[in-house]
Amino acid sequence: MRVLAAMSGGVDSAVAAALAVEAGHDVVGVHMALSRNRDQFRTGSRGCCSIEDAGDARRAADVLGIPYYVWDLSERFEDTVVADFLSEYEAGRTPNPCVRCNEHIKFEALLDKATALGFDAVATGHYAQIETREVALPDGGRRTVRELHRSPNDAKDQSYVLAVAGPDRLARAMFPLGGFASKDEVRAEAAKRGLSVSAKPDSYDICFVADGDTRGFLQSRLGSRPGSVVDTDGEVVGEHDGAYAFTVGQRRGLALGRPAEDGRARYVVDVQPATNTVVVGPAELLSVDRIAGEKALWFDGVLEPPVLVGAASQAETASSVEMVSSVEPADTVSSVEPVEALGEVLPDPDGWFDAEVQVRAHGAPVPARVRSIAPVGDAYGDGVADGERSASSAAGTGVAAPGMEIELTGAPLRGVAPGQSVVVYRGTRVLGQATVSRAWRAPAPQ
Amino acid sequence: MTVTNPPPDSARKPLIASGAHGEPTREPESAYLDHAATTPMSAAALAAYVAEAQRTGNASSLHSAGRTSRRAVEEARETLAKSLGARPSEVIFTSGGTEADNLAIKGIFWGRRAQDPCRTRILVSAVEHHAVLDPAFWLAGHAGADIVLLPVDAEGRLDLDALRADLAAHATETALISVMWANNEVGTVQPIRDVVRAARPYGIPVHTDAVQAVGQAEVDFTESGVDAMTVTGHKLGGPVGVGALLAKRDLALDAVIHGGGQERGVRSGTLDAASIAAFGVAARHAVDCLPDRAARLAALRDDLVARVSAAAPSAELRGPDPASGERLPGNAHFTFPGAEGDSLLYLLDSAGVQASTGSACQAGVPQPSHVLLAMGVPEAEARGALRFTLGATSTQSDVDRLVAALPQVVARAQAAGLVSGRAMGGTA
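Those protein sequence lines, which keep their order, are chains A and B. So for the first sequence, numbering that gives the first Met the number 0 puts the first residue at 0; every next one is plus one. So for the second sequence, numbering that gives the first Met the number 0 puts the first residue at 0; every next one is plus one.
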């Protein structure tokens, strides 16, 4: 295959490129320039934006003996990732720019350009696994189901920020580091190949925010907008320079003049951009057990009904086969399991199914029941008319379709802010992803 | 043609690609169409370099080894001076064109301002190389200079009326004028004698960056009337890392690099006798061969322009009409609507054709060319620029290879331009 290796200048993408080369692919290294005014040197823990990082990527490509180019995606980055970052904070929400970068830059701008230029896949140094399996269809055909799974390296697992790319785009992605259980192993692979980036420190901060000072960055781009900090009774307890710089769940940096009457710590519990108001309150107000998501996407087979080859009810499943877009001709059916479930996530009659959800990059998954709120049309792909099934699902939620509803079935979560990405898992497998539009605490049962 | 990735950079063997029926065909070596970036060293220059590099001697030493090196330097100085219509004493060897430009801009500015503190204005054409623009803007930021960017027309030619008008209003505040002899991107030969004529009544020194011109156009330092001229080795068959500023003896010129006082005290540093010797040989050869070479390159270039225009009808030739005589004979420059330069460059590289987007790079990122923008080319169209430049070793097969690859390359780059949604330069 012709493979474009996205090379940030870090150790992960360098080793990913090396593994793609060693797998026999025809590999070209591309470094994305994402900032118009790049720093000369890498400073602190910021990732891939400096000219020094571009130089590191070039040297890694040299060592691997592959061609190397720099593509300028800075305008697209500014128009999507940075613009989204600013507008989300302005709207009182909490964006994750790494999720948006995967959505708009790596698995859209870069992937589409690579495809148009004749590449078959884009390889990155992400820690996650793409698994494909063949599913037999009742008509004797077969279909490839593509799944995204967590990395065995729990600490580095990036399935959370990759889920947004969705199954179709991940079909053209390659994660050669997916099976690595530790970063040390990756560093060892780099050292073995003489890649000088083997000991380069990891990056953590948002790449376009200088010094990791998010508030300072927001202020420089959005300007000062003084307003009030109020408690849950509406009493003014402090001032701020711009409500946009606060995020639900935040405790530090509130600079409140006087302590709460009960002496307890106060957290941001709401950001109200319309009135430029920041609301603070006790920690328990941050606990939520209901989450509504928007811009939901689902991976292959999740919302599709089971396809049972050889089962009696072929007539009923026939319609689902027609919905399958990528039916591949059968060459050898014999090697396929005689009975294979395509949609093993069996929702109940109201569309709910059990899963786990994760709301931040390094958060733990928590048990939940989840359902899709069907968009106009037939999102379930099972031929059941919308009116018959989803009317009840969508009724009264006030959430624009396509959406996702989540009820936590275990302990509540704290500090779930609109704008965050919520990813639905079952075990290691990613089932779907959405952007949090609302999070709340269900009223206690009577 | 099939688009394959460029060969591994470690592999130095001929490309094997698939033919029309899938059978392997041996392709000729790649076509190098970037002679304006750098051009191969001539055999004579390389021989001169090796001969001198094998000797030990510091040209400033007083013993015999030093005198031997000094002799090689001085012979090269005389050769270079003769080839360029200058006196040997007007040659200041530098490490290359960029250093010579820095010496000219900063050295003349400081020298003139020492004579008259009111002279803070630096007039430069808007299409100068960064080696001129950046020192000028550095002076603006650090030494109180005022930079005037002189406009150009749609073909990149200096607007002489704008120069004259500025001088008429501000001559007494002007320190120097710098206008390149010929543009590195679109090949426009500037009306340098008219610039000198406009400046002379006011006694304002004129510098010209002639690195692209020597060996491609007739360049005579004394006859042109300029006060300072930048030339470099590696654009005319000499080595990288050596150049010169030709400067009149009466020009007020401050040093930029201080030290042992070599080169009239304005450019200290041990002389690189081997590079200088090779530079002298290469310059003489380039100038001696000029009439024949210019005619040959112009014919090859005209063929390239005609066939590129036929192979990619949407391509637009930028810069002066090749028939006008106001364009370097080895230069062709196009914009390809709807395609981005970096896509075109990658795809051509894959097909064994090495060209340039023509504009300055920041860590390999092609920025929209300031030259094209100054010529009034919209930014979206400027992103689809490609420059093809020919030199001594260029052949018809280089052009053939480009023309064979081009239709598919342009189509594919335009498809990529559509999905990237940025290069919207007027595709139908």
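Calculated directly from the structure, the hints in this document are not laboratory data. Careful, some of the hints might be misleading.
Said to hold, decoys possible - The following residues of chain B were derived to be distant from chain A, with all beta-carbon distances above 12 Å:
(1) T269
(2) S313
(3) D320
Unchecked claim - These stretches of chain A come out as covered by chain B in the derived footprint (C-beta under 8 Å, 3 or more residues):
(4) 69 to 75
(5) 123 to 136
Note that the structure is predicted; figures quoted are calculated from it, not measured. No residue lacks a Cβ here, since even glycine has one placed at the ideal position from N, Cα and C.
Hint check:
1. T269: Label holds. Min Cβ-Cβ 29 Å, cutoff 12 Å.
2. S313: holds, 17 Å
3. D320: holds, 31 Å
4. 69 to 75: Three-residue rule met by the segment 69 to 75 of chain A, so holds; n is 6.
5. 123 to 136: It is violated, with 0 qualifying residues against the three required.
Hint 5 alone, counting from the list given before, is not met by this structure.
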